[in-house]
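Please work from the sequences and hints to get the whole structure.
Chains as they are written, first to last, in the working numbering: chain A, 1 to 242; chain B, 1 to 495; chain C, 1 to 314.
Among the clues, some could well be false.
What the hints assert, rightly or not - 25 Å max Cα-Cα, derived DSS-like pairs, lysine-lysine:
#, chain 1, residue 1, chain 2, residue 2
1, B, 339, C, 46
2, A, 40, A, 55
3, B, 339, C, 49
4, A, 40, A, 11
5, B, 325, C, 41
6, C, 259, B, 339
In short, the hints are calculated from the structure, not lab data.
Here's the letter readout for the chains.
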Amino acid sequence: MSRVPVKKTYKLYLGGAFPRSESGRTYEAEEHNIAQASRKDLRDAVRVARGATGKWAGMTAYNRGQVLYRVAEMMEARGAEFAEWTDKLAQVLGGANPVAGPYFNFTMPEPTGVVGIVAPGEPALLGLVSRLAPVLAGGNTAVVVASETHPRAAIELAEVLATSDVPGGVVNILTGRRDELAPHLASHLDVDALDLDRGDAELERAAAENVKRVVLGRGDVQSPYEISSFLELKTVWHPMGQ
Amino acid sequence: MTEIPAHPPPATLAFRGFEYAAAPESRAIVRLDDAYGLYVGGAWRDAAESYTTISPATEEPLARVGQASAEDVGAAVAAARGAYEDGWSALRPAERAKYLFRIARLLQERAREFAVLESLNGGKPIKESRDVDLPLAAAHFFYYAGWADKLEYAFPNRRPRPVGVAGQIIPWNFPLLMLAWKIAPALAAGNTVVLKPAETTPLTALLFCDVVRQAELPPGVVNIVTGDGRTGAALVEHPDVDKIAFTGSTEVGKAIQRELAGTGKRLTLELGGKAANIVFDDAPLDQAVEGIVNGIYFNQGHVCCAGSRLLVQESIQEPLIEKLKRRLTTLRVGDPLDKNTDVGAINSAAQLRKIEELVAAGEQEGAEIYQPPCRLPEQGYWFAPTVFTGVAQSHRIAQEEIFGPVLSVLSFRTPEEALEKANNTAYGLSAGVWTEKGSRILWMAQRLRAGVVWANTFNRFDPTSPFGGYKESGFGREGGLHGLEPYLRFDEDGA
Amino acid sequence: MTVSSAKVLPGGFELPLEPRLPRIGAVDQVALEERAASLAKRSIKKESKLQALELAVRMMDLTTLEGSDTPGKVAALAAKAIQPDPADPSVPSCAAICVYPNLVPAAVERVRGSGVKVASVATAFPSGQSPLAVKLRDVEEAVAFGADEIDMVIDRGAFLSGRYAKVYDEIVRVKEACDGAHLKVILETGELGTYDNVRRASLLAMAAGADFIKTSTGKLPKAATLPVLLCMLEAIRDVHDETGRVVGMKPAGGIRTAKQAIQNLVIVNETLGPDWLTPDRFRLGASSLLNDVLMQIRTQKTGRYQNPEYFTRD
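Below, the structure written as structure tokens:
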């Protein structure tokens, strides 16, 4: 007699844990029950992501690189190249500027903060990793609205992250309806940047409310300059004198 | 033996202080036309509507300038597109550089003329337009001219190419300098531009067209369309503009970002600020006072990165404020064309009203106001340098950008508290830190959420130094290598 | 007498520092120099210019400090100080003449009845590198000869090696030895290295009882620059704000032109205010400056550019 397969309910990945949606809802995708996140879950996710910025950005670039590299190894080397950039970005993007006066002037890149990612529909895992990796390599935290139709890849990624050294709250993955979640992500005033899988006038307009940096991510590009979209450049001046 | 006319000896031996000369810079060097058109495709074209631009120090009309319509803007964009496709982008980069070097040299040679016109039309003291605006504007052209044929070094392995036609909208606080910040990198990268100067300060941009002519820049590479917000909107909305660069208020910046949503057009924004100038008790006090004064009274406080909030460590508050108030009594407010003037005119009646409204709010909210005795002229738009003490974080004058010569003073006890208050704003353009302790400078600089941190100095600018904001102060950087990026497309953009 | 036992002097105040004293503090070089440069760009009204030039004359300590000085040389200097421009008797006298101790008797003789003071350098000028007893004797002799004012030098060796108490104590002792003569303390700012040190030395000298603080001996090339002036004036201001004590300023060395003199006066005007624009609170230590000022005065009065030969060299 064959066993009746158990249908697992895949949950959200929030703050390093796997809670159900506060709304209690689920929906079906890829023949499984998937937690359907509500805007309150999104609100919580952003709060958690903001809370995690200090710890993640406070780690040394070297440390972050190591953590991400391990994650990449577990993901079969996807995203590895971004991990190698963590401790090199400042050297490519920053440096001393030769100003015309007795001042020492240097520019350094910093993470922008909390990045909202609206993941591509397909290819689900590759698309998500290629968007998440540059965000994390730059020292940002993320709130991801996973692919609505193909959420399992995101959830598998979450499971990898949960067992990695990426601190809880650095990545938060919400499964559910794109149309329900994305607008709240785009309009949230405590999200610093928005990574969209495709141009979307409504979401981009909502993002203007707090002058979010809007990035139209390309799933197929593996350039380290993808990271710079999620970085702020800070320039510091100091007089050189007695 | 020469005869020396008799002079009565001084009445008393006590000397009662100097009167400074009215030391006016002569206006004669500027030749103003009665009316200006729009500069499109290398030629002047009349606009159907026009308006008068004035001197804010005297309210004297200076010239009539065009109010560019949507059609005019369309013609300008078409000219820019034509110039882009007919050869500017294909021109050898070293040749492009030559045009930019010419422009830089011409700005240097005509610096006096431009400085006088800038002060006349905008209200800023001649000593600023002469010593800051003009030298920096020329320097920007020199700097970016040098990058024109070195883009492959600046962006190795990315195959940098121009974006196309850039629409650029600039503010009235540093009219020529903002023009240089916009045009120099855009052209160096191989783009063509349509630039709209601010409504109240069109004249140096229009004079710049003469430099463009003298430099023999191919027609259509630079187009200048004057006008008010409607002209700007037309430029933002035009479908054939590839990239918009805007410097101005956060409110308008957001409107532009909303307008461009879904269009795929590139955008950079340089918006407002409410910078904290933080003074610790071990700061070099007299120099900190200079930095505070420069931070908020330079250019009458019409500066996006102005140090408009003084956060002073409580243990040093009293002596610092005493010194500051005394220093304010030596600020000379008056004729922008007088070389002794430190603080000039407010740029417009509208801006003056905004300042007055917020200052009234400050008084109402319970902050204490101080203004040094100042004889302000009858005509023109003037506001005395002002300091508010006893300001709380929740007061409007601590939150809203006043964009005038008004300083709000708050106190703090510990570095953490200073940081918290400094970052507690939607803005993030700049910040100042004054302390003798090196490790503290770096600690603060690291944690301040601002695109520019001035430590033991303030209001320093340089073409090599990237400038721009965090958060609602905008995104994108101007200056340095990073200033070229918004005007280029790369391999990874899939272009 | 040591620092710890120093009494509160009528004109000074104790060390180590108490809360009521000005902060020692720090000075930022780049900002200070920029501020001085921007003050130097002020232009003053034509009418005020003549007054400023005449003030500069009245503030001048006309100086000769050479190994080769003789009574004859001093006689000529004194005559010049009393009547700088024989062709224009309305030009006022200088404040003082400044000489080495041996020349004080001749100087006193020559200025008698004119109102011009005699200032003597002392304390093993210019190096200050002699035992205290010798330096005090130097002062006592100069005072006995009739000097109205003493320009002393601080022990820079002691200062730079951190022996501030020694520097302080010596000033206190010299002030006593002055026996009522007015004391100027020369910091020799060109040797101090940093503006921080200039400020510290200024505060130290004022604490010890200086009536005036002075930049230099004039024997070193790096002398009275505008930023140094500004730094010292700020220290004077702080002392005045916090203790009410009035101390004067004397830049000396390197001020050769009338334009520089006026720049100095403008800086005093904007830092300490018009109250400090009097010979009682500000002096200019100079020799060749006087003729340039006289030329400018005559230019102002006649409208013609002048010829240096028309002004006496003494």
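So, going through the hints one by one against the coordinates:
1. B:339 x C:46: 15 Å, holds
2. A:40 x A:55: 24 Å, holds
3. B:339 x C:49: 17 Å, holds
4. A:40 x A:11: 15 Å, holds
5. B:325 x C:41: 22 Å, holds
6. C:259 x B:339: The given pair, whose Cα atoms are some 17 Å apart, holds under the 25 Å limit.
Checked against the numbered hints given earlier, the structure satisfies every one of them.
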